[in-house]
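S.K.: Construct all of the structure, not just a fragment, from the sequences and the given hints.
First residue of the sequence shown? That's 8 in the working numbering, and the numbers climb one at a time after it.
Derived from the structure by calculation, the hints contain no laboratory data. Predicted model, so just to flag it, every value in this text is computed and none were measured. Don't take every hint at face value.
[Said to hold, decoys possible] Below, in silico cross-link-like pairs of lysine to any residue (SDA-like), each with a Cα-Cα straight-line distance of 25 Å or less:
#1 131 <-> 71
#2 131 <-> 66
#3 131 <-> 108
#4 131 <-> 60
#5 46 <-> 71
#6 131 <-> 61
#7 46 <-> 22
#8 131 <-> 115
#9 131 <-> 74
#10 46 <-> 19
#11 46 <-> 87
#12 46 <-> 66
#13 131 <-> 91
#14 131 <-> 99
#15 46 <-> 78
#16 46 <-> 65
#17 131 <-> 105
#18 131 <-> 89
#19 131 <-> 76
#20 46 <-> 34
#21 131 <-> 119
#22 131 <-> 98
[Claimed, not checked] Taking CB as the label site, the calculated pair distances span:
#23 110 <-> 82: 13 to 23 Å
#24 11 <-> 114: 35 to 45 Å
#25 110 <-> 15: 34 to 44 Å
Cβ coordinates follow ideal geometry from the N, Cα and C atoms, glycine included.
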Amino acid sequence: MCSAELAAEHSHLVEPASRQLICACEACAILFSGQTNTKYKRVPRRALALPDFQLTDGQWDSLMIPIQPAFFFQSTPDNRVVALYPSPAGATESLLALDSWNEIVEDNPVLQEMESDVEALLVKRVGGARSINSTRG
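M.R.: In structure tokens:
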């Protein structure tokens, strides 16, 4: 954002309208901490494992995500949950309705604590193993 030199471990901001992630010095990042109606939002630095997360095979199938892993976040510009998954061209957004998302949130109230635009749920379901994490920064 500014011309300050960045440390190896530095903060990040996201521009929700474009979903662009940018590196930021601590001073610039602090300017956007806790702000709601600004162009940028500060990305938190926490990541949580959710060992008690509940997601049935039926719920996963209803999301119709063609590949794993996938991540989900609440987009304020779009006023909806967005699902993205990897592709050769980079992250690809699922254009399908995520009708079962509300049921998944009901089963996992911790999802209501995720901050819009800057925190995401990462889901990796490979073979019989299931791995769920909430990524926050």
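S.K.: Okay, which hints does this one fail, numbers in order?
M.R.: 5, 12 and 16
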